[in-house]
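Line by line, the protein sequences are chains A and B.
Everything in the first sequence is counted per numbering that gives the first Met the number 0, starting at 0 for the first residue and increasing by one.
Everything in the second sequence is counted per numbering that gives the first Met the number 0, starting at 0 for the first residue and increasing by one.
No lab work stands behind these hints, which were simulated from the structure alone.
Here are the simulated DSBU-like pairs of lysine-lysine, each with C-alpha atoms no more than 35 Å apart in a straight line:
| id | chain 1 | residue 1 | chain 2 | residue 2 |
| --- | --- | --- | --- | --- |
| 1 | B | 298 | B | 328 |
| 2 | B | 287 | B | 255 |
| 3 | B | 328 | B | 45 |
| 4 | A | 51 | B | 333 |
| 5 | A | 200 | B | 335 |
| 6 | B | 328 | A | 40 |
| 7 | B | 360 | A | 169 |
| 8 | A | 51 | B | 275 |
| 9 | B | 328 | A | 51 |
| 10 | B | 362 | A | 160 |
| 11 | B | 275 | B | 333 |
| 12 | A | 160 | B | 360 |
| 13 | B | 360 | A | 202 |
| 14 | B | 42 | A | 169 |
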Amino acid sequence: MPSLDELIDAFIELDEERVLSLVEKLVVEVPPPDILEACRKATVVIGERFEKGEYFLSELVYAGEIFRRIMDIVLPRLREEVKPVATIVLGTVEGDIHDIGKNIFKAFAEAAGFKVIDLGVDTSPERFVEAVRNYNPEIVGMSGLLTIAIESMRRVVEALKQAGLRDRVKIIIGGGRVDEYARRYTGADEWADNAMVGVRKCKQMLGLEG
Amino acid sequence: MSRSRSPEELVKERMERIEKAIDLKEPDRVPLFIFTCGDVLRKYAKGYELYFNYDKTCEASIRFASEFPVDSLGVVTAAEGFVFSLAFADYPDIAPSIRFWSGPMHDALLDRYTRWPGRELPEDSILQFIGGQFMNVEEYGRLSDDPISFINEVILPRSCLNLEKPGSAKANASLIRLGVEASRFLKFLGDLAVGLAKVGIPSLPLTFAYAPLDFIGDFLRYPTGALLDVRRYPDRVKQACEALVNPIIKIGLSLKPAGAKYAFIPLHLNEYLSPKLYSEFYWPTLRKIIEMLYDQGIKSLVFFEGWHDIHLETILDLPRGWGVAYFEKTDVRKAKKILEGHTCIMGGIPPSMLLQETPDKIKEYVRSLLEEMKPGGGFILAPGVADIPKETPSENIKALIEAVEEYGRY
Chain A
0 MPSLDELIDA FIELDEERVL SLVEKLVVEV PPPDILEACR KATVVIGERF
50 EKGEYFLSEL VYAGEIFRRI MDIVLPRLRE EVKPVATIVL GTVEGDIHDI
100 GKNIFKAFAE AAGFKVIDLG VDTSPERFVE AVRNYNPEIV GMSGLLTIAI
150 ESMRRVVEAL KQAGLRDRVK IIIGGGRVDE YARRYTGADE WADNAMVGVR
200 KCKQMLGLEG
Chain B
0 MSRSRSPEEL VKERMERIEK AIDLKEPDRV PLFIFTCGDV LRKYAKGYEL
50 YFNYDKTCEA SIRFASEFPV DSLGVVTAAE GFVFSLAFAD YPDIAPSIRF
100 WSGPMHDALL DRYTRWPGRE LPEDSILQFI GGQFMNVEEY GRLSDDPISF
150 INEVILPRSC LNLEKPGSAK ANASLIRLGV EASRFLKFLG DLAVGLAKVG
200 IPSLPLTFAY APLDFIGDFL RYPTGALLDV RRYPDRVKQA CEALVNPIIK
250 IGLSLKPAGA KYAFIPLHLN EYLSPKLYSE FYWPTLRKII EMLYDQGIKS
300 LVFFEGWHDI HLETILDLPR GWGVAYFEKT DVRKAKKILE GHTCIMGGIP
350 PSMLLQETPD KIKEYVRSLL EEMKPGGGFI LAPGVADIPK ETPSENIKAL
400 IEAVEEYGRY
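For reference, chain A alone in the conformation it holds in the complex (with noise of 0.2 Å):
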């Protein structure tokens, strides 16, 4: 039977094939909510090697893939959902329909133990505002590639205050293009330029542990 700190130590080196057969072996004896906690250390060690400038997006994307695979491996099996750190209500904001740095980041955020409502690409600001009266979440994440984005952004912004929400939660808005500059045009509480930063200040906002 190989051990949890096997399975972090090949998940942190990007080891897709002996991730997987590691925890094929694993799911059978070991709880579930083990392993992805399990996963959850190997992503925080991840995103400090990505922070120190020793991963690059390329092994983001990769590191995302492998818990993609994970998860098909390990969801069927969890019998009760685990209690989550906290929800984030995630989009890509109104006009802009791309996806890949918002499903980078669901991926870590997801790893990291928040719940993700993903509300797709080209979110209105009233679908946000609609989501955030639903799941009560305590952050709402704005993601965009385009400039354009930026404004639909600040809209949103808009729309949460006008429904009384802003003070409800915290926001961050993230992309490619996003800066000191956007976050202070929009309104948001902080910025990311890529995913493990942004889950990094999502877990800062609420006082968890960096």
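Following the hints, put chain B in place on chain A, whose structure we already have.
Below, chain B without anything else, positioned relative to chain A:
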């Protein structure tokens, strides 16, 4: 000062300014280049009109150029269409005319790569390139054996609804429609260059090339698919990249007889890759393309999307004066430290700053940037190809132009 000059004189003066910078010299002042895919032009026309009505696009571009006189304005109200160029790489009369994919061309073939205002998107939106996965990993061999046939026979029927049945009446009619649109688009490009020249703005004589791994990511395997292939099937990917070099060179040279001097090469996966993967899978074939074009008298204008910081040193592999490194998020100051005297650097302006800051702050930003970037020449000030947003206050764009006039003189 410039008010007394005729449009012809202004075109000449501005073109010289840009060419001197590209030749790593000090012009009379730092040139300012603005590139737009249409967002900022929505100040004058709806998104739908910009992409489907060439006259409106011309009119909007000329209005922008009159209101904001920059040293050159690049207008690309069309999507990535390099896959179509590559399909016709053996036909230099056709390949370059469909390199940029316009709204009516999308109507002709109903491709799945792009989404358009007034079609799949709301009318006052901007066009979006989405790409897709149109090739299986098992097909790398066919791609490598004969890229042009593979694109024509396998990829286009999968990626274009109207070409689903090659040889059918519908497919043939669609190709004729594409040809008609291509010649209308070429006329539009000509009209646009003439129109801009009438208000004193030169257009760069461009041709086009592409990084082979980006070609695989954008048109065949989707960017994330290409990145996973690099891990899982490294040899197949390398072989395919090699096979794409020659057709891409053919496209790059196709406009040389018409006077093209610069090959525009927008990069996408560069910032995704570690130095190891970049130097193994991305750079060797891109480098070969840039060098082969350079040997034929064509310099390259490479847009290094996103952060290119970790790969900056590799640019030194190219011959001195090879062309222009156009940066998006890479700090141009840092780039200058490495590339000064070797490569013309372009960039420096975050579009989000133009959207959010005040005119005074923008001027101060440009002053401080130019203090470092101006000495020695070889620098062109520009926002990235990511567009200046429509909502950007006009006085902010004016502040940018005034600042370069004020602080950019040599």
